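Since the structure of chain A is already known, use the hints to place chain B on it.
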Amino acid sequence: MTLAWIAIGVLLGAASLLAVVRLMRGPTILDRALSVDVLLASAIAGIGAYAAFHREPTALPALLVLSLLGFLGSVSVSRFVARRQVAQTTEESGKGERG
Amino acid sequence: MTHQVIDWIAVGCLLTGALLSFAAGVGLVRFPDLLSRMHTAAKPQVLGLILILIGIGLRMWPESHVGVLVLIALFQILTVPVAGHIAGRVAYRTGRVRHDLIAVDDLQAELEGDGGTR
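Note that the protein sequences, when read in sequence, are chains A and B.
Take -4 as the starting number for the first sequence in our numbering and just add one per residue.
Take 79 as the starting number for the second sequence in our numbering and just add one per residue.
Next up, chain A with everything else stripped away, as it sits in the complex:
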């Protein structure tokens, strides 16, 4: 049993580290937003594992908030990229309309 708990912790930590590797390597901003999403998923899983280990329901509201707000980051980054691309194409060609 203890070994299983340790394995859960190690796997989640390794997942976070790999997500951070992708976060640093990029290459585009969308890749980074995606890896932040995965980092957040690992964090949710980690808090959940903590709550399960200690049988402690006080961590559940935090999970609720994280699962609600987690997608705001990637959505806003995506919208930002789209808008910047539209601005660039309209500057360059005067008629570009790709969003």
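Simulated from the structure, these hints should not be mistaken for laboratory data.
Keep in mind the model is a prediction, meaning the values are calculated, not measured.
For glycine and all other residues, C-beta sits at the position ideal for the given N, C-alpha and C.
It is possible that part of the hints are untrue.
Ranges of calculated distance between the beta carbons of each label pair, as one might list FRET restraints [stated by the list, open to error]:
| no. | chain 1 | residue 1 | chain 2 | residue 2 | range |
| --- | --- | --- | --- | --- | --- |
| 1 | A | 48 | B | 140 | 14 to 22 Å |
| 2 | B | 79 | A | 75 | 53 to 61 Å |
| 3 | B | 173 | A | -3 | 45 to 53 Å |
| 4 | A | 53 | B | 178 | 32 to 40 Å |
| 5 | A | -3 | B | 79 | 35 to 43 Å |
| 6 | B | 81 | A | 79 | 51 to 59 Å |
| 7 | A | 20 | B | 159 | 24 to 32 Å |
| 8 | A | 22 | B | 87 | 37 to 45 Å |
| 9 | B | 155 | A | -2 | 42 to 50 Å |
Selected chain A positions facing chain B (in silico; Cβ < 8 Å) [claimed, not checked]:
| no. | residue |
| --- | --- |
| 10 | -3 |
| 11 | 3 |
| 12 | 6 |
| 13 | 16 |
| 14 | 23 |
| 15 | 39 |
| 16 | 43 |
| 17 | 57 |
| 18 | 58 |
| 19 | 66 |
Leaving out everything else, chain B in the frame of chain A:
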């Protein structure tokens, strides 16, 4: 006795969820382009999270907080596809997708069909 069995099932669920998280991390580092990375990243966000929530509920048996857990799963199921859809759409339309890796590309024909204004 029953408690022990339920605990083992809960730990199994949590372990599978953690494994999915780890697989997503490996996929993020190993996969070649954004769309395939999005494919691997969605696994822990939905299936992994639901497995972890099942594990939490089983560990807190008999007063498992089913309402909050179902609410968490519901919010995640509602928000993850929205984020994935918008990220994929922006990635395709700003040319951050490797076209040599796509086997069938229906969207390309659609975009060319109406002059790329959609």
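- Ascending list of hint numbers which this structure does not respect: Structure breaks hints 4, 5, 9, 10 and 17.
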